[in-house]
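So the protein lines, in turn, are chains A and B. The first sequence begins at 46 in the numbering used here and counts up one residue at a time. The second sequence begins at 2 in the numbering used here and counts up one residue at a time.
Since the hints were made in silico from the structure, they are not lab data. The model shown is predicted, which means the values in this text are computed figures rather than measured ones. The C-beta atom is built at its ideal place from N, Cα and C for all residues, glycine as well. Among the hints, erroneous ones may be present.
[Stated by the list, open to error] Not everything, but these chain A residues come out facing chain B in the computed CB check (under 8 Å):
#1 Gly68
#2 Leu79
#3 Leu80
#4 Ile88
#5 Thr109
#6 Pro111
#7 Ala120
#8 Ile123
#9 Phe125
#10 Leu134
#11 Arg137
[Unchecked claim] Among chain B residues calculated to face chain A with C-beta under 7 Å, some are:
#12 Ile40
#13 Ala41
#14 Glu137
#15 Leu165
#16 Ser171
#17 Leu174
#18 Tyr181
#19 Gly182
[As the list claims (entries may be wrong)] Listing some non-contacts, in silico: residues in chain A with all C-beta distances to chain B over 12 Å:
#20 Leu112
#21 Pro113
#22 Ala126
#23 Ala140
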Amino acid sequence: MEVLVAVVIAVLTSCGVYLLLRGRTFPIILGLTLLTYAVNLFIFVSGRLNPGQSTIIGVGEGYTDPLPQALVLTAIVISFAMTAFVMVLALRARAELGNDHVDGRIKVEDVKP
Amino acid sequence: MNHLIIAPVLLPLLTAILLLLGTGRPLRVQRSISFLSIIAQLGVATALLASAAGSTITVYALGNWAPPFGIVLVLDRLSALMVFVTVVLAFFSLWYAVRGNDKPADSLHSVLHFLLMGVNGAFLTGDLFNLFVFFEVLLISSYTLLLHGGGAARIKSGLHYVLLNLVGSSLFLIAAALLYGLTGTLNMADMANKVAQTTAEEAPLMNAAALLLLVVFGLKAAMVPLYFWLPRAYASASAPVAAMFCIMTKIGVYSIIRMYTLVFGDTGGAVANLAEPWLWPLSLITLGFGVAGALAARELRLQIAYLVVVSVGTMLAGIALNTEQALSATMYYLIHSTWVCSALFLLADIIVRQRGATSDRIITGPALRQPVKLGALFFIAAAAVIGMPPLSGFIGKVMLMQAATTDERTFWLWFMLLAAGFVTITALSRSGSTIFWRTENRVAKVDKADRGALLAVITMLALSLVLSFGGNAVVAYTDALAQQLKNPDIYTQAVLSHQAIPGVHHE
């Protein structure tokens, strides 16, 4: 179980980082999304893996830490909002700069103060 | 319980919501709501500063959950000072904005208050994950503010800024999750106690988490090699926003001070002071890159943005020295550089408007409409940034140099600070003489600068004089602040001994 989760996080992170290093906005956004998935999983396991346990003390034999689950929820909401924002920004950049390269490659005379 | 401590978070939040609801109302109404709110916040921040000036640390348990379980807001000398500096800065940038520099005003005022909420919250919180949440609040506001006004240059630098900070947020979460996994707590005071008991077996992971946090805060603070987003972003932002952004790098600096004195400071056991060997060389390199950028910049606002990098380098060097005296000097310098840099951004905007199509490029252009007035102000602001007596930059630098007279690092700090001062003089005299003296024989057809906006800049620069002539009181406060920082036990005890109010039940 630990190995499986670790491998999943590792694969998601490495794919995310690879895509982040691309030059165009769409792969970068995909990379960011993969990275946040990896991060969310990582936060989740920071409370240790206790399969089949409840988050409430006294219900079963043991219990699993509820706090990381709350943290993951917060992180998911925030990363969702941020992804939506950066998506719109990337579309706007595509419209304003004429291409989807992160550096935009704008001409000098286009720069307005 | 003293509820005043949460006012710096709630007041801007309510104002921002009110402003959002009032979208489409006349500009006059929006401006008055925004400005009245910032005056109220100024009152609150002053009251908090006065209450923190004594030796008490006020702890506010949200939802009455006693630490270490709930989220706490903690008001110590450091957080009170940071909130005060922020609100004063916001006051002036709003003052400048309401003088006709806020179009389209609908978005600017409400988002600026959301930013204030995030910044004040980040300074006040005593919980690591809550710090992350407030970071996100201030970041998403800053993304919007940076794009305020539109245009290709803003979109381009904004995209870089947003993408970098999103990666930074992911790293922050990884570090926070690692620390939670290791210590089982997110409360900074409780974490400090747990970190002090780190075993040799846990130390490598703890090291990784702590240094990952340094990367995140270094990105916010614009530390080498993570500062590349800053100059373009600041140079392309609209003037009130650029002025307000002067606090953004200080949030990184604040977080570094907070985490690396409280949690990973002298009392950190196996991981004590682990950021210091990294901070020291990086701060001096930041300083060097900053002055090189200022010297090479071909636009006035870009040059000022590089001066922000210089100030960050100076502050990080102070933190890396890691003595009480150096921390006190750092805090004094922080107040000075925040206010003076933002005054420079506002002044640059006024200057740029009078140069017509030449804009802020440092080349021969039309003569200014008010060369004497603006020239004098530019001279004073430049002198303050460089660190000429009798202005506050001089005192800040002298304090920092005095703090570094004890070990082998003295030479490097003195050399870098003095050389940086010299190069900054060269850079600013180049831009100043080109803009004010080497002009064409005509005046651009523009209006005179708005009196109110000019007065905002003059008052901000006067603050630099207040900082130096009222220096005794300021230094007494920063000394006490540094003393509190170097004794993290006071903080941890104040937080962990806080009791929930009896008789208030959780539903």
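These are the hints, each one checked on the structure:
1. Gly68: This hint is violated: Gly68/A lies away from chain B, its Cβ roughly 12 Å from the closest one there, beyond 8 Å.
2. Leu79: violated (10 Å)
3. Leu80: holds (5 Å)
4. Ile88: OK, holds: Ile88/A within 8 Å of chain B, min 4 Å.
5. Thr109: violated (13 Å)
6. Pro111: Check failed: Cβ of Pro111/A comes no nearer than 12 Å to chain B, outside 8 Å.
7. Ala120: For Ala120/A, the interface hint holds, since the closest Cβ of chain B sits about 6 Å away, which is under 8 Å.
8. Ile123: holds (5 Å)
9. Phe125: Since the shortest Cβ distance to chain B is 12 Å, the answer is violated.
10. Leu134: It holds, given that the least Cβ distance between Leu134/A and chain B is near 6 Å, below 8 Å.
11. Arg137: Hint on Arg137/A: holds, closest Cβ of chain B at ~6 Å, below 8 Å.
12. Ile40: This interface hint is violated because 31 Å lies over the 7 Å limit.
13. Ala41: For Ala41/B, the interface hint is violated, since the closest Cβ of chain A sits about 29 Å away, which is over 7 Å.
14. Glu137: With a minimum Cβ separation of about 5 Å from chain A (threshold 7 Å), the hint on Glu137/B holds.
15. Leu165: Status violated, d = 10 Å.
16. Ser171: Hint on Ser171/B: holds, closest Cβ of chain A at ~5 Å, below 7 Å.
17. Leu174: OK, holds: Leu174/B within 7 Å of chain A, min 5 Å.
18. Tyr181: holds (5 Å)
19. Gly182: Holds: closest Cβ of chain A sits about 4 Å from Gly182/B, inside 7 Å.
20. Leu112: violated (7 Å)
21. Pro113: At roughly 7 Å from the nearest Cβ of chain B, Pro113/A sits no farther out than 12 Å, so the non-interface label is violated.
22. Ala126: violated (7 Å)
23. Ala140: violated (9 Å)
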